[in-house]
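Engineer: Chain residues, written in single-letter form:
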Amino acid sequence: MFRYIVRRILITIPLLLVGSFLVFALVQGMGDPLGEWKLQKPRTPDEIALAYERSGYNDPFLERYVNWVGGFVQGDWGTTVIPGSGSKDVQNEVLNGLWVTFRLVIGAEILALLIGMAVGVIGAVRQYSIFDYSATSVAFVLFSMPVFCTGLMLKSAAIPFNNFLESIGMNRWITTAGPPPGGFSGSLGNQITQYIGTFMLPTIALVALQFALYSRFQRASMLDVLGQDYVRTAQAKGLSQGRVVFRHAFRNGLIPVVTVFAVNFGQLVGGAVITETVFNWSGMGKLLIRSIYEKEPYMVLGVVMLTAIGIVISNLIADILYARLDPRIRLG
Amino acid sequence: MADTTTTTTAAASGIEIAKPRKQWQVVLRRFFRHKAAIAGLIIFALLVLVAIFGPMLWKYAASDLNLGRYKSPSADHPFGTGQIGDDLFAKVLSGTGFSMQIAIVAALVNTIVGVVLGAIAGYYRGWVDSAVSRLTDLVLMIPTFLIAAVLSRSTFSTAEIASGGGSSNWLQVAIILGFTNWMIVARTVRGMVLSLREKEFVEAAKALGGGPGRVIFKHILPNTMDVVIVNATICVAQAVLLESALSFVGLGVQYPDTSLGLLISENQNELLVHPWLFYFPFIFIVLISLSVNFIGDGLRDAFDPRQKRVRA
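Chains as they are written, first to last, in our numbering: chain G, 85 to 416; chain A, 81 to 392.
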């Protein structure tokens, strides 16, 4: 197992390198980051020369790539290049954004997985029941809904709710525009209430996006397992249905869902980008969209590369989990 | 597969048997018994008709202004009017057209790129397979939405974004989406081709002098069509949603083109006061993607040879 992990990581490094080159080329394709800054108002030649010098865009493409990759590996992810707003450290900004995004995503993902698994198992055990049909319909509708629409609708529902709370003399509870800048304050109970009010809407939006997928996968894999001979054997020897489902079938029905959980990471990041935009969280997604607008090359590179590394790691974890859960699979 | 020899022997022996059906007839019969799929097909067909003929028949054009601001839905303006006195029904008609065009072009490109790469990788194996597989891994490493967002920015300038767009760009958006979401198709087709290329009928085709192109396209790929078609429907549904998300963050379709995602994005702050401006485009997005998902689901069940009874 250990040798497998080491080998996988070794294979991943060249892949990430080639990936970083592709992303660098993609960002290069966005064009001259200073092109629009130059046109905003008349700039002196000295100003322009200095800005280009600092951005590194005087160097040829390959040299710039090598410099950037070398710096990236050593933890120097570059700075923002467009003068005016002061130069910000990319690593600092991206890691700050990552922390915001991570807090938002991890809770939503765990909730989505739990709800999805529960719904999937019940749907499979009571196949073609009213519950199964409604769960399937809900999943289909959620699949077909853009994430930002869920977010916008939640937001519009929260505002009258807050107004109602205010009218009966309470505080506006549900936050629709990001976490409070200074963190949570007050007694523990107060903090928990604030925490729930802040995270509730974006979490529901992300759960709605993800849980449909998990419930479909869990239902399919559970149906597959329930149809197998050993389950019939367990039933035939007189075990209770609960024991058959949970002790015998559920464990094996879990395996495919675990892989989906990890592989789905990319879709989750896309969903988080949109959700952050809707709810005005200053996470990695919002940072990325803003940097794409501003054409901040190193900022875009930082976010995209960090996401790529995250996806590679989650795939590795999925493979290892898969082998741990299913002894028939041998890694090597 | 339908077997014509059984008919002749059966006819010769004078026993009456059911008329043999071709495979596609069997598939179609199963498909048409799938109620949700039929509902999906009808809705999708209606949406296509509405998108093509709607703008010609409707009395207002999407570009008409000053028809009165923020009118609630009425007989004259079934979906109401917006901030600049534009008729939302006309806008939704034209937005539906653009959204569907984009989704269909994107899904076509997805499918063609995926099938060709997957078939080449699976058929030639060796270094070709390694190269294609690594490329697939590479593109899968970055979320589709992120690549598409960066790519859109490289093709549209800030001046265009700031001024609300310049030239028609729906095709660009469609092609960007087309080249960023082919990976699953490629992987699936590669896997199927890897096993199909070892089958006897492929050997026979090669022995009869079929070149690689003929063997791949005439003999191997037709056997992957069921999976490819189902995947194509998934691509359409994904493209509708991806396009709307891109337009929402301002990196998708731009004026003078429009799309359902762009309409929602423009009207996102009207949701509380003038809810119709949000809900009508929203319903149309959901209808497109839901109907395509139902069609895909029906096709998957219809193609499945293990399927004996179609569920209601």
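A couple of the hints might just be wrong.
Said to hold, decoys possible - Taking CB as the label site, the calculated pair distances span:
1) Glu131/G with Ile309/A: 43 to 51 angstroms
2) Arg294/A with Ile93/G: 52 to 60 angstroms
3) Ala155/A with Gln275/G: 50 to 58 angstroms
4) Ser248/A with Ser251/G: 45 to 53 angstroms
5) Ile288/G with Glu280/A: 50 to 58 angstroms
6) Gly253/G with Arg113/A: 44 to 52 angstroms
7) Gly290/A with Ile288/G: 50 to 58 angstroms
8) Gln211/G with Gly165/A: 36 to 44 angstroms
9) Phe186/G with Tyr335/A: 30 to 38 angstroms
10) Phe133/A with Glu131/G: 53 to 61 angstroms
11) Val307/A with Asn255/G: 36 to 44 angstroms
What the hints assert, rightly or not - Among the chain A residues that face chain G by a calculated CB cut under 7 angstroms, a handful are:
12) Met221
13) Pro223
14) Phe225
15) Arg233
16) Ala285
17) Gly289
18) Leu321
19) Asn349
20) Leu351
21) His354
22) Phe362
23) Val366
24) Asn373
Honestly, the hints are just simulated from the structure, not real lab data. In this text, all values refer to a predicted model and were calculated from it rather than measured experimentally. A virtual CB, placed ideally from N, CA and C, is assigned to each residue, including glycine.
Engineer: Next step is simple, just say for each hint if it's right about the structure.
Structural biologist: Tested hints:
1. Glu131/G with Ile309/A: 43 to 51 angstroms: Hint violated: Cβ distance 58 angstroms, outside 43 to 51 angstroms.
2. Arg294/A with Ile93/G: 52 to 60 angstroms: 43 angstroms, violated
3. Ala155/A with Gln275/G: 50 to 58 angstroms: 54 angstroms, holds
4. Ser248/A with Ser251/G: 45 to 53 angstroms: 49 angstroms, holds
5. Ile288/G with Glu280/A: 50 to 58 angstroms: Given a distance of about 54 angstroms, which is inside 50 to 58 angstroms, the answer is holds.
6. Gly253/G with Arg113/A: 44 to 52 angstroms: 59 angstroms, violated
7. Gly290/A with Ile288/G: 50 to 58 angstroms: Given about 56 angstroms between the Cβ atoms, the range holds.
8. Gln211/G with Gly165/A: 36 to 44 angstroms: 53 angstroms, violated
9. Phe186/G with Tyr335/A: 30 to 38 angstroms: Cβ of Phe186/G to Cβ of Tyr335/A: about 37 angstroms, so the range 30 to 38 angstroms holds.
10. Phe133/A with Glu131/G: 53 to 61 angstroms: Holds, since Phe133/A and Glu131/G (Cβ atoms, about 57 angstroms apart) stay within the stated range.
11. Val307/A with Asn255/G: 36 to 44 angstroms: 54 angstroms, violated
12. Met221: 5 angstroms, holds
13. Pro223: 4 angstroms, holds
14. Phe225: Result: holds, 3 angstroms to nearest chain G Cβ.
15. Arg233: 5 angstroms, holds
16. Ala285: 35 angstroms, violated
17. Gly289: 39 angstroms, violated
18. Leu321: 5 angstroms, holds
19. Asn349: 9 angstroms, violated
20. Leu351: 4 angstroms, holds
21. His354: 11 angstroms, violated
22. Phe362: 5 angstroms, holds
23. Val366: 5 angstroms, holds
24. Asn373: 6 angstroms, holds
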